[in-house]
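Using the sequences and the hints given, assemble the complete structure.
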Amino acid sequence: MSAAGENRERMTPAADREVLLDVQDLHVTFGKGKKAFEAVRGVSFQVYKGETFGIVGESGSGKTTIGRAIMRIHPVSGGSIRYKGEQINGKISRELDRKVIKEIQMIFQDPMASLNERAKVDYIISEGLMNLNRNMSAAERAEKVEQALADVGLLPEFSSRFPHEFSGGQRQRIGIARALIMEPECIIADEPISALDVSIRAQVLNLLAGLQKRKHITYIFIAHDLSVMRYFTDRIAVIHKGRVVELAGTEELIGHAMHPYTKALLSAIPMPDPVHEREKELIVYDPAIHDYEKKPPVWMEVRSGHYLFANEEEAAAWNE
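Each residue of the sequence shown is one higher than the one before, counting from 389 in the working numbering.
Rather than coming from a laboratory, the hints here were simulated on the basis of the structure.
Certain hints may be false.
Unchecked claim - Pair by pair, the computed Cβ-Cβ distance ranges are: (1) Asp498 with Leu543: 18 to 26 Å; (2) Glu708 with Gly430: 26 to 34 Å; (3) Gly430 with Ala527: 45 to 53 Å; (4) Glu406 with Glu700: 26 to 34 Å; (5) Met500 with Lys437: 26 to 34 Å; (6) Arg522 with Glu700: 55 to 63 Å.
For clarity, every value in this text was computed on a predicted model and none was experimentally measured.
Heads up, the beta-carbon is just placed ideally off N, CA and C, and yes, glycines get one too.
Dropping the structure here:
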């Protein structure tokens, strides 16, 4: 079993755990008036301290927008985001803003686009320290950069090089080091392996799992691949067109998926056995199957820790 899988088995029951991040009825809208587009529509979930919480959905579903809203990159048009009990969306104090910047970091999807090509690695990694701790000496920053590079398996001499001198996997490790140097409590990983070769994806996942074990980091892991989610996350929220349609523990979701959209995502996972791959049934999700005019859907708990966005008739039928 992978390091990530071993880590998931040790998770304590939700009732005994500290809520690090609480997202309630989140709405994110782009544009105004007739051109307004609601990318996130009433999303709610909680992230527990020390867990890996997955957000999965197809491209354009709004999962990255949720991560950027938590990071305060995108303004929120409705709902609340609470970190350690304090609301962090909207106008907040400068002190709380600095706290959020330090304690919540993000690993971006494209390691080439997210790194400043004109800056050397030591500056890229230490830029956050220079902004938040201006009293730190150059020698202290250099020491922290060296430690951050060591944490992600890179040599200290790499600090004097430019991003274009590295491979895709190495650039993503630099992005991880940039987040780690701030000593965050929560890292939002936005499809951190999708731009990497298949051969090095496992290395990056194992690196993230090892860092979580040593530094007790909480992850929000955003991806479109449920096969990766299965071996790396503790719980998964499935999002479709800006709305979470199903949320459950990873093994519960994989083994007892209820929403047709979740089943469609699971059916799209490639199987290593060519015989079974040819024989499997591919499910195509059609939103027209729902009749919500008379009985609108609601967010409900249908099994212990297993939530659905459905009406009562659908929930009863899907939970048979």
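These are the hints, each one checked on the structure:
The hinted window of 18 to 26 Å between Asp498 and Leu543 holds, with their beta carbons roughly 24 Å apart. Between Glu708 and Gly430, the C-beta spacing of about 27 Å keeps the proposed range 26 to 34 Å intact. The given range of 45 to 53 Å is respected by Gly430 and Ala527, whose C-beta atoms sit roughly 50 Å from each other. At about 33 Å, the CB distance of Glu406 to Glu700 agrees with the hint of 26 to 34 Å.
In this structure the hint that Met500 and Lys437 lie 26 to 34 Å apart at CB holds, the actual value being about 32 Å. At roughly 57 Å, the beta-carbon separation of Arg522 and Glu700 lies within the given 55 to 63 Å, and the hint holds.
Hint compliance for this structure: no hint is broken.
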